[in-house]
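Please put together the full structure from these sequences, using the hints given.
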Amino acid sequence: MLLLGEKQQLEVIKTVDFGVYLAEPGGDKEEKVLLPAKQVPTDAKVGSLVEVFLYRDSKDRMIATTVEPLLMVGQVARLTVAEVGKIGAFLNWGLEKDLFLPFKQQTYRVKAGDTPLVSLYIDKSNRLCATMNVYKELEYRSPYKKDDMVTGQIYATSDNFGAFVAVDDKFSALIPKKELYGELKPGDTVNARVIKVQEDGRLCLGIREKAYLQISEDADKIMALLDAYDGVLPFTEKASPEVIRRETQMSKNEFKRAVGNLYKQGKVDIADGRIRKC
6 MLLLGEKQQL EVIKTVDFGV YLAEPGGDKE EKVLLPAKQV PTDAKVGSLV EVFLYRDSKD
66 RMIATTVEPL LMVGQVARLT VAEVGKIGAF LNWGLEKDLF LPFKQQTYRV KAGDTPLVSL
126 YIDKSNRLCA TMNVYKELEY RSPYKKDDMV TGQIYATSDN FGAFVAVDDK FSALIPKKEL
186 YGELKPGDTV NARVIKVQED GRLCLGIREK AYLQISEDAD KIMALLDAYD GVLPFTEKAS
246 PEVIRRETQM SKNEFKRAVG NLYKQGKVDI ADGRIRKC
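Just so we're aligned, residue 6 is where the sequence shown starts under my numbering, counting upward by one.
Hints in this document: simulated from the structure, not taken from any laboratory. Among the hints, erroneous ones may be present.
Stated by the list, open to error - With a straight-line cut-off of 30 Å between C-alpha atoms, the simulated DSS-like cross-links for lysine-lysine are:
| # | residue 1 | residue 2 |
| --- | --- | --- |
| 1 | 129 | 151 |
| 2 | 175 | 116 |
| 3 | 150 | 129 |
| 4 | 182 | 150 |
| 5 | 182 | 257 |
| 6 | 19 | 102 |
| 7 | 141 | 151 |
Unchecked claim - DEER-style ranges, computed between Cβ atoms:
| # | residue 1 | residue 2 | range |
| --- | --- | --- | --- |
| 8 | 83 | 258 | 49 to 57 Å |
| 9 | 11 | 228 | 51 to 59 Å |
| 10 | 174 | 261 | 32 to 40 Å |
| 11 | 62 | 150 | 41 to 49 Å |
Quick reminder that beta carbons are idealized off the backbone N, C-alpha and C, glycines included.
Structure follows, in structure tokens:
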């Protein structure tokens with residue numbers, strides 16, 4: 006069986022002026038593919054085995070190449086955008102024909118020169134295309150453990166679950182919705198802490214420090230916010246979680262802890278529904 010998007014060893018069954026025809030060893034010789042003359046090894050002859058990669062040429066014909074592409078089925082890789090057309094982008098993957106990345110498979114709009122993380126899929130027309138929805142191809146088992154710091158790129162977001170991250174462009178991870186702060190979006194690179202390793206190996210990440218380390222940073226942020234408000238915040242920890250998150254990028258509990266810390270240090274006073282800088 007000829008496998009589109011994969012490397013395989015095929016047998017030379019016929020030679021012609023413009024190349025050789027290959028088929029599966031011991032398989033149906035009617036199912037054959039052309040390896041162009043410029044790709045044919047010098048010692049190849051009928052009966053020889055040649056390792057090739059199968060894709061489709063500019064006329065949508067299946068064709069073989071001895072050149073190893075930068076991406077194959079089952080893998081993920083960063084590929085450079087060569088150009089953007091009316092229906093999608095085209096990626097340089099080391100072969101003569103660029104790889105098509107449809108707009109509907111982009112989790113954020115790319116432009117020429119960008120290097121999105123992508124995987125391969127076979128579309129309804131039996132053609133190889135790229136997708137930025139790489140979830141299925143990321144590995145579950147990583148070398149990381151709880152409290153390790155990792156770096157990854159957000160490749161998709163969900164209102165229900167949070168932000169999906171490819172750690173080291175390789176491992177599957179999630180920043181749960183409750184751990185999200187700020188305006189994070191697909192394409193952003195994040196430095197995060199492993200807060201849990203799921204049973205299947207997938208990583209659960211947080212982008213904030215542990216509570217006892219975060220209090221100091223949050224307190225500094227509140228003091229800066231007080232300066233921006235001329236020394237008086239028009240709300241306290243009793244405000245709604247939505248207001249607190251919108252104004253401070255903190256959860257209500259985190260805001261309460263940081264304000265309490267500042268109050269104990271005598272840096273702020275709380276009265277009349279306001280926080281005042283001392």
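Status of each hint after checking the structure:
At roughly 41 Å between alpha-carbon atoms, residue 129 and residue 151 are farther apart than 30 Å, so this suggested pair is violated. Between residue 175 and residue 116, the direct Cα distance comes to roughly 23 Å. Compliance with the 30 Å bound is thereby established for this hinted pair. With a C-alpha separation of about 40 Å, the suggested pair residue 150 and residue 129 falls outside the 30 Å cut-off, and the hint is violated. Between residue 182 and residue 150 the CA atoms are separated by roughly 21 Å; this keeps the pair inside 30 Å, and the hint holds.
A C-alpha spacing of about 15 Å is found between residue 182 and residue 257, which places the hinted pair at or below 30 Å, so the restraint holds. With a C-alpha separation of about 25 Å, the suggested pair residue 19 and residue 102 falls inside the 30 Å cut-off, and the hint holds. This hinted pair checks out: residue 141 and residue 151 have alpha carbons roughly 23 Å apart, not beyond 30 Å. The given range of 49 to 57 Å is broken by residue 83 and residue 258, whose C-beta atoms sit roughly 38 Å from each other.
As the Cβ distance of residue 11 to residue 228 is approximately 58 Å, the hint placing it in 51 to 59 Å holds. Distance hint check: the CB atoms of residue 174 and residue 261 are about 38 Å apart, consistent with the given range 32 to 40 Å. Checked against the hint of 41 to 49 Å, the C-beta distance between residue 62 and residue 150 comes to roughly 47 Å, which is consistent with it.
In terms of the numbered hints stated before, the structure departs from hints 1, 3, 8, listed from lowest to highest.
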